[in-house]
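Engineer: Taken in sequence, the protein lines are chains A and B.
Position 63 of the first sequence, counted from 1, bears residue number 46 in the working numbering, the numbering being contiguous throughout.
Position 443 of the second sequence, counted from 1, bears residue number 426 in the working numbering, the numbering being contiguous throughout.
Keep in mind that a hint or two might mislead.
[Said to hold, decoys possible] According to the in silico footprint, chain B covers these stretches of chain A (three or more CB under 8 Å from chain B):
#	segment
1	50 to 59
2	114 to 127
3	296 to 305
Keep in mind the hints are simulated off the structure, nothing from the lab.
We treat Cβ as the ideally placed atom computed from N, Cα and C, and that holds for glycine.
Number of protein chains: 2
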Amino acid sequence: MVLRMSTLFLRTLREDPVDADVPSHKLLVRAGYIRRAAPGIYSWLPLGYMVLRNIETIVREEMNAIGAQEVHFPALLPREPYEATNRWEEYGDSLFRVKDRKGGDYLLGPTHEEMFTLLVKDLYSSYKDLPLSLYQIQTKYRDEQRPRAGILRGREFVMKDSYSFDVSDEAFMRSYQAHREAYIKIFDRLGLDYVIVAAMSGAMGGSASEEFLAIADNGEDTYVRSPGGYAANVEAVRTPVPAPVPYDDVPAAHVEDTPDTPTIDTLVDHLNGHFPRSDRPWGAADTLKNVLVVLRHPDGTREPLAIGVPGDREVDEKRLAAQVEPAEVQPFTDEDFAAHPTLAKGYIGPGVLGEKNASGIRYLVDPRVVEGTRWVTGADQHGKHVIDLVAGRDFTPDGTIEAAEVRDGDPAPDGSGPLETARGIEMGHIFQLGRKYSEALGLRVLDENGKLVTVTMGSYGVGVSRAVAAIVENSHDEAGIIWPREVAPADVHLVATGKDDAVFDAAERLAGELDAAGVRVLYDDRRGVSPGVKFKDSELVGVPTIVVVGRGLADGVIEVKDRRSGERREVALDAAVTELVDLCRAG
Amino acid sequence: MVLRMSTLFLRTLREDPVDADVPSHKLLVRAGYIRRAAPGIYSWLPLGYMVLRNIETIVREEMNAIGAQEVHFPALLPREPYEATNRWEEYGDSLFRVKDRKGGDYLLGPTHEEMFTLLVKDLYSSYKDLPLSLYQIQTKYRDEQRPRAGILRGREFVMKDSYSFDVSDEAFMRSYQAHREAYIKIFDRLGLDYVIVAAMSGAMGGSASEEFLAIADNGEDTYVRSPGGYAANVEAVRTPVPAPVPYDDVPAAHVEDTPDTPTIDTLVDHLNGHFPRSDRPWGAADTLKNVLVVLRHPDGTREPLAIGVPGDREVDEKRLAAQVEPAEVQPFTDEDFAAHPTLAKGYIGPGVLGEKNASGIRYLVDPRVVEGTRWVTGADQHGKHVIDLVAGRDFTPDGTIEAAEVRDGDPAPDGSGPLETARGIEMGHIFQLGRKYSEALGLRVLDENGKLVTVTMGSYGVGVSRAVAAIVENSHDEAGIIWPREVAPADVHLVATGKDDAVFDAAERLAGELDAAGVRVLYDDRRGVSPGVKFKDSELVGVPTIVVVGRGLADGVIEVKDRRSGERREVALDAAVTELVDLCRAG
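Excised from the complex, chain A in its bound form (with noise of 0.2 Å):
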């Protein structure tokens, strides 16, 4: 392959696009990768299609390595089959609905866990069919509320998604296994920098999951890790809870004056103020914070919930989101307080909250709220707390919920040592669905025995047309992108500098011989653009390996760079093909 830059169509940019404020963003749409077309909704250009289908290669040769089939489905599907399992409502706002012109309703498919389902109901009855693993390399659809970063977070983008059927679970884990193990090989072809952590399932259901997340301080997930090897999606960490306290020397809750204390800074600061503490002051670990707001469930209704998390910690929003999905969560509004008359804003507390208590909210507290812990929290009277209240003695929260924020130095639940956050981009989502589609959907075969037995399932998703983002997120310098070489678009960037006609005809020479070694070479060709302005070009396409004909080819030598080290070297023109040929093998 020999792309020449005089006819490929492509214009690099120097300036950033207004609306990108990420790297890859930046990057892909002025090296000429992408343009955008809608908010969300990219197109490809040449080169950017190219990096698209070459990371479409890698994740079909690893799912094909572990005998999973390619199939591929519509993306316009009709609304039963998600009927079935409830996710045409649990969806949202976040599915495309299309009505079609006799008013039947489609949808644009997220993911496609009810047809692959169905599909295999469909043709095959027996355990001997199984194991199965079924993929495909799609378009989705996710109407995003807040569509950023480019390609990193779109409403339409590309995906692999594979899908597992076992008639036992111990034979699903073989098959999960099977792709994760897949999954390691995609990402270590792809030249990702990533983590592999235990995951919330959220919209997929099932009892277990494990992301791939690329590192990256643009990432929208955050994770956590520990020294002994615990790394969890922040939403996923289950805090450890804490043994019951003795109580029996507490002494009894008391209602206290505090006036003009609706924060927990100026609560803290009047406790030690004026019911100072003997041991130590008082600090916001003391408090119990109570958090309202409301969720909004797929039907449409609405529900609040109040959440009592130790006042030292805010209430992580995407944590609290994950636990309560397929619900949103919305503010509190006046109206809200308004039509509940016994909380006292700023004020409120335990004494009120509760599905059995005067508000009837209900009331989710932290895991660390245990039986005996002690805590200042409002009193439900403007101006007043209560001292001393104990958890178990004085009031009974409905339930507990993870959605305190996790903090640097918490400790790991599984007792591997304090947890350190970092962020990531999530790249590859593996899940455990057991029986949730199969049961809903009547996937069963006949097993040894002749009995029906309902199929064990996994799902298993590739962000393909995001690992496009998340390459580049992970590798590029001030100057552009710097691609892998197995998914760069291109392994040679050959320049032909200067007006010299000896020069192009060299290079042209070059171009044909490489591309005859099986060498992918993008040619700048053109003539009249200064060197200046294809050097900088040169980097911020990003081909691994940039060969420049230029001067030097008076004295037989052309020069080699690496994109990624700066590195340069001569080598002799009759030596290019061959020196060419062992670096891009080498990769």
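We have chain A already, so just place chain B on it with the hints.
Structural biologist: Just chain B now, with coordinates in the frame of chain A:
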């Protein structure tokens, strides 16, 4: 590649699907290539997706060979560009329209002229950038009123669409010609039996277009050919206009009682019975039949239209539809009659038809109705016709329309002899768009003299998923599909028969050796399946070469069968790999 039938996701069916009425639909479902997901929407099973991808590869190679560059647009597109060209409205009910969560209007792209035009406008500005050809292979959507014949006319389908951009009409003709030649190569490689015909441009607009039709009895399109080389879609046939006829000696028109003659047949009988001609009997061709329809315009307005054709010809619905696009043709109902009391049902004539006459209904006639022609036609009174009514003397229509059926034996418009009609499947369509889109969307470049000129465009489509079905329509027999080698899911269908381990061992070895030699093998390694079932499956699935390893093994021979000819011969096992490699290379 070795595909094993023991694990391949495939269940062949012995019965035709109940909703299928053309061979390709029946066979593709029975042989496990596709599966219905919703009306006009299909899923691709493993073998089907392989064939689809093989076709994509052929199309991609031939597009790249003419220097067209591959890009990829979204399928979910914003309304605005389609609004600018009026196609948001003109597409009518055929467009899938989608609202996003914010109420924004989107569509599922049926074709991408607007998006390509805007992209080129975005990046290019000079004649030096041209010529340019871009293409994509992409999923498209049309909400067909009557999806039919499986993937022959679906609502979600794969097309290759390309677009050329040139600075002048002369330059454009070179791009057009290059595409035309690439299409010839594509359809040759697909093994299709096809014709190239002049066509109507329909929803694309533009000045001229040609279609590539796969010749097939089940095709939706009718085309005509003459011995002298004229070829056109019947929609595009122009009727040769006869010279005006002298009418000085024609008697004045006279109204006669013709009771109970609401049809042409009853009228002709009555004329011969009561008003016999001296020279010859009256025939249907002497009568002028007036047909009423209603045009439903894209903006929802309804317009009645009267069409006058010689009584021996029917109005051809598809020819009429092609003429009035983007309006849709609907029946003229009883309510419409009620709204036009001057119309005497069964006896309608030019006395009231025409924008300036009593009904006010636009009246278009067949081009054969030239000045001086004499007609018997309705007298606009129940039970009466008018005889000797002369066009140009006694009535003047509002214009002509190409709506009458074309029949075998009609003269070709270019004088190249009598036409014969046949049916075909539209596989490719190449359009001379001219400046329709570049003008509407402002795509202009600076020419050599620094003057802004509007770009001349072409657009070019290939039905990629439709090709899968068209090839089957062209190439099948009673037993199943017969794939041309280049699109077949495998080169060799290797069948191991019997229960003997030695047979399976030998077949396994042969499969491995063929694979190593680059031959794609579908290996029927199923144990416990009878030879009869395996042979039936191999014929149904349609791989071009069937190799049977069975009883002959004792004598060191295997059987090689050509799927198309049915010819079988024995080949020494030792020589099998060499022979089969040669066979596959020969195509």
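Engineer: All hints are to be evaluated individually against the structure, with a verdict given for each.
Structural biologist: Cross-check of the supplied hints:
1. Evaluation of the coverage hint for the segment 50 to 59 of chain A: fulfilled, as 9 residues show C-beta separations to chain B shorter than 8 Å, against a requirement of three.
2. Only when three residues or more bring their CB closer than 8 Å to a CB of chain B does the claim for the segment 114 to 127 of chain A stand; here the count is 5, and the claim holds.
3. Counting residues of the segment 296 to 305 of chain A whose CB lies closer than 8 Å to any CB of chain B gives 0, so the stated coverage by that chain is violated, three being the minimum.
Consistency note: the structure conflicts with earlier hint 3 alone.
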